[in-house]
Amino acid sequence: EVQLLESGGGLVQPGGSLRLSCAASGFTFSNYAMNWVRQAPGKGLEWVAMIHGSSGTTYYAHSVGGRFTISRDNSKSTLYLQMNSLRADDTAVYYCVKLIDGTIFDYWGQGTLVTVSS
Amino acid sequence: QSVLTQPPSVSGAPGQRVTISCTGSSSNIGAGYDVHWYQQLPGTAPKLLIYGNNNRPSGVPDRFSGSKSGTSASLAITGLQAEDEADYYCQSYDISLSGYDYVFGSGTTVTVL
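Protein sequences, first through last, are from chains C and W.
The working numbering numbers the first residue of the first sequence as 630 and each following residue consecutively.
The working numbering numbers the first residue of the second sequence as 88 and each following residue consecutively.
Please keep in mind that the hints were generated in silico from the structure rather than gathered at the bench.
For each residue, glycine too, the CB sits at the ideal point set by N, CA and C.
Any given hint could turn out to be false.
In silico DSS-like cross-links for lysine-lysine, where the CA-CA straight-line distance does not exceed 27 Å [claimed, not checked]:
#1 LYS155(W) - LYS134(W)
#2 LYS155(W) - LYS672(C)
#3 LYS134(W) - LYS672(C)
#4 LYS155(W) - LYS705(C)
So these bits of chain C aren't anywhere near chain W, every CB distance computed over 10 Å [what the hints assert, rightly or not]:
#5 GLY639
#6 MET679
#7 SER683
#8 THR707
Produce the entire structure from the sequences given, and follow the hints as far as they go.
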């Protein structure tokens, strides 16, 4: 059974940093691209970043490029999101999401809430 | 503002059929990229509902179906049930001058009357 368990969310001041983690199990982690997708309170879904399984090539949404860094440790089956220079509009539930066939988000974690506020 | 446009809400009585539209453009759906649909029950994470325009993952009831034509796609729910009350999002891939993006619809809340 595929499981994705996020952690690391919390309250942070504007301009601060936070690192999210996602522990994966139930599949061969290194074989799949992984993503972070976020959802602001009461709002829709927004793709944040993607990292390929073996090459480690990364892609970012324009809204977070230069501030967020996605990475992975295939030996630990863990995905990360380092978030710097956080702003109020980064407040959201952040989901760890597995990708198949290039465009399908087939499994989602339960999410971790990041609140940026003074 | 979402790249893919959905109606904010649709409603229907139990047993009825409802449809949700997802309107894109020539840089996403119209460019030939597949459309996928996700169901988000209240207080939970999204779940893949339809992939590749009209395919259901194992375990998804056959009352859910999808279609795509031109720059739009649709999700249909036939035989509406109380447990179908949720938010539904379409998703595709977009190529524009600013690069490549995974894009979602604005979301549609389905209410069972």
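Status of each hint after checking the structure:
1. For the given pair, LYS155(W) sits about 20 Å from LYS134(W) by alpha-carbon distance, which is consistent with the 27 Å threshold.
2. For the given pair, LYS155(W) sits about 25 Å from LYS672(C) by alpha-carbon distance, which is consistent with the 27 Å threshold.
3. A C-alpha spacing of about 17 Å is found between LYS134(W) and LYS672(C), which places the hinted pair at or below 27 Å, so the restraint holds.
4. For the suggested pair LYS155(W) and LYS705(C), the alpha carbons sit about 40 Å apart, so the restraint of at most 27 Å is broken.
5. Even its closest Cβ contact with chain W, about 19 Å, leaves GLY639(C) beyond 10 Å, as expected for a residue assigned away from the interface.
6. Not every CB of chain W is more than 10 Å from the CB of MET679(C) (nearest about 8 Å), against its label as outside the interface.
7. Against chain W, the non-interface label of SER683(C) holds: every CB pair exceeds 10 Å, the least being about 19 Å.
8. Here THR707(C) stays apart from chain W, with its beta-carbon at least about 18 Å from theirs, past the 10 Å limit.
Checked against the numbered hints listed earlier, the structure breaks hints 4 and 6; every other hint is satisfied.
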